[in-house]
Structures are given as C-alpha cells and as structure tokens.
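Asker: Just so we're aligned: the sequence shown equals residues 82 to 442 in our numbering.
Be a bit skeptical, because a hint or two may be false.
[Unchecked claim] For lysine to aspartate or glutamate, the following EDC-like pairs were computed, each having C-alpha atoms within a straight-line distance of at most 20 Å:
#1 K162 <-> D123
#2 K191 <-> D123
#3 K383 <-> E357
#4 K115 <-> E143
#5 K226 <-> E324
#6 K226 <-> E438
#7 K162 <-> E110
#8 K132 <-> E151
#9 K132 <-> E217
#10 K162 <-> D125
#11 K211 <-> E294
#12 K162 <-> E217
#13 K226 <-> E294
#14 K211 <-> E110
#15 K225 <-> D307
#16 K211 <-> E271
#17 K132 <-> D215
#18 K162 <-> D136
#19 K418 <-> E438
#20 K191 <-> D181
#21 K225 <-> D300
#22 K418 <-> E400
#23 K387 <-> E400
#24 K226 <-> E271
#25 K191 <-> E103
#26 K218 <-> E290
Simulated from the structure, these hints should not be mistaken for laboratory data.
Please read all numbers here as calculations on a predicted model, not as lab measurements.
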Amino acid sequence: MRVGLWAPAVLLAVAGTCSAQEAWRGIWEGTIGKQPVRVCLDDDARYYYLKYREDIHLEPVEGADGGWRETAGYQDEPTGKWQLAQAGADSLRGIWSSPDASKQAPIRLKRTSAARSTDRNLCEAGQFFKPVADAEKLIAGPVKKFGRHGYQELSTRIQERGNQESFVPNAIVLRDYGAIGAAVNQTLQERLRQRLARHHDTRMNGLAESFEEVMWLSDRWLTLRDMEWAAGHGVSGSSTWYETWDLTTGHRVDLWRWFNARSGAWHEEAGHDGAEQVFTTSRALQKAIGPFDNNGGDPDCKDPGKSWRDPRLVSGGIEFEAGATGPCLVTAVVSFKALQPFLNEEGLRQVAALQREAVKP
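Please construct the entire structure, taking both the sequences and the accompanying hints into account.
Answerer: Shown next, in the form of structure tokens:
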C-alpha cells in the first residue's frame, strides 16, 4: 500500500534556502513515516530516530528551497533526501526519500525549542542528545574499597563478572558520606549524563572514550582521575585531569592553594570560559620535586618549558606530573615531610590531619 504523500507546494512558500534555515532554527520533534524523530536545524543540523538513537547529519542542498541531504557516520554518500516547507509558525511538513527515490515517507515536525541569537551551537551533542542520555538506565557495580572507605562505579553496562566495560562512561558513587557525599554523587552523575549524550555524537571531536577512577579516598578527601578522548584524533585528542573534592563541603579544591609563596605565584591566563587563575611553580619547588628524566633521555621528550603540575594526594605525600601525555609523561611523589617548607597554614593543617588518619586502625 503506497503511503499518501503531502505536496509541499500547497504550503507557505519560503523565500530562499538561507532565509528558511534561519526561520527554521530550533529543536523539532515529530515523525518520519510512523517513526518518532528528534531534529535540530541549525548551521550544523542533525537528527536521530528515538528507536535507534544514531546520529544522522543534515545539510541544506544548495539551490533547492527546503531541500536537505542526510549522511550517517563518516559517509560521504547521502543516505536520504528531505524536502521541507513551513506549515505554520512552528510546524514543518515534507517528504523523506531514499537516494534513488524508490522509497518515500511523510515528515511532520513541531518545534519544541526555538533558537536564540545567543545560541552558539544549538545542535551541540550534550543538549541535543540529553533526552536519550537521561533515559538510559544506570547500573551500580560492586562495592570497591580504598583503604577503609567504600565506593561504587555507575555505568550503563556491566560485564558478567561485575566490571564496567572498557570505554563506557562511568561515574563514582561514594558510600556512607551523608548528605554532602550525596551532593557530590549527584554532580558526578550529571557529568556522566553529559558524557553519555556526547558519546552519541559521531562527528569529528565527538566523545569517543571517557572514564573516571578513584586515585585517593579518605575521611575528608576524594581525588578523581578523569579522561576524555575526542573522536577522530590520536593521542592529541586525549585529555586527562585530576579533581580533588573536600567531602566536608562538597566543593572541589585546587591543591596548589595549600602551597605558600615560596612554592610559586598565581597569575591570570585566558581560558575556555574567560580569565583563569593559574599557579606557576618556583625553581625551589621544582628542585624539591626532582629532575625530569625525559623518559630515560629520549630526545623527543625534551621540553625546556616543562614544569611539574597537577598535584594530587597519594599515600604518604603528594604526586606531581610533567611532560606530554603518552611515553613522555613522568610523575614524582614528594613526602609530606619534604613538602612542609612549601606549605601554607591551610596546607600544613590538612597534611597533619591526613597523617593522623593514616595511623587509624
């Protein structure tokens, strides 16, 4: 039985492709045939079927009013064609057809969110795939121990032996830390939902891999190691960082704030979200941490501008790292005792508390 098709000519004409794109900017929901879809029309348009959740790209066809072509993944050849026209202020209707026009289906869309002039990228994956990510069921893995403290890993899939699959986004779940621990858990789970949304992005720079792991957990402090790897890139697309959380306040803490003026100085640098406060270490602290071994003298690892960074708690001291990600990355652990001349009042107080906790049974 042939599906009854709608003729775009009977609806409101659009002056031109560019003006149509501007008028149609926004998030749309509706159907292609009988299948529910979520569509974003913008400079970087895309859509997905709610049933399959696969990212499909859309681009306007030059010279064809209301015409779009779709491609899936990294394919160059179109997987379908769209012909759209406006059916009201927030309504679009049209026809989807296969590349050879042998198959067709009606398109019916209603706009659910209009674009604002301040929207930089309406189709950004974290926003566009949020309904999909929010609907995914999260499963808590087995309880793990760090010293006397327990935690779990939250993810969407668990292997038969109880461990999360490799490269599946996860979040740490603290146990027995009361209301503040619950607030930290909520923040980490919100980040996990964002990563799940970004994992649906099949374009260059979409999120290919990510993980989160516990590096330190005590009565008061949690240190996490987080990694994100952008799709379509090699090692240069990998970003790793450390976060230290104060479990008495629920806030993140920069451990450089424990260091005094002998250790270095703060200055402003331009960051992704404006000016950022950055700590530059002194020669005295660099010397106390130790020399760089350049991966056994590898000439490719020599970097005159290299400095120790990313302080984080480890057993008996603080660990630092230097060099680029990969074989040139080097780490060094400095004992709390050796660091005392470089710590301010807050740092000395927190280190003393950590040392007292370390001797608890």
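Asker: Of the numbered hints stated earlier in the document, which are not met by this structure?
Answerer: 3, 4, 11, 12, 20 and 24
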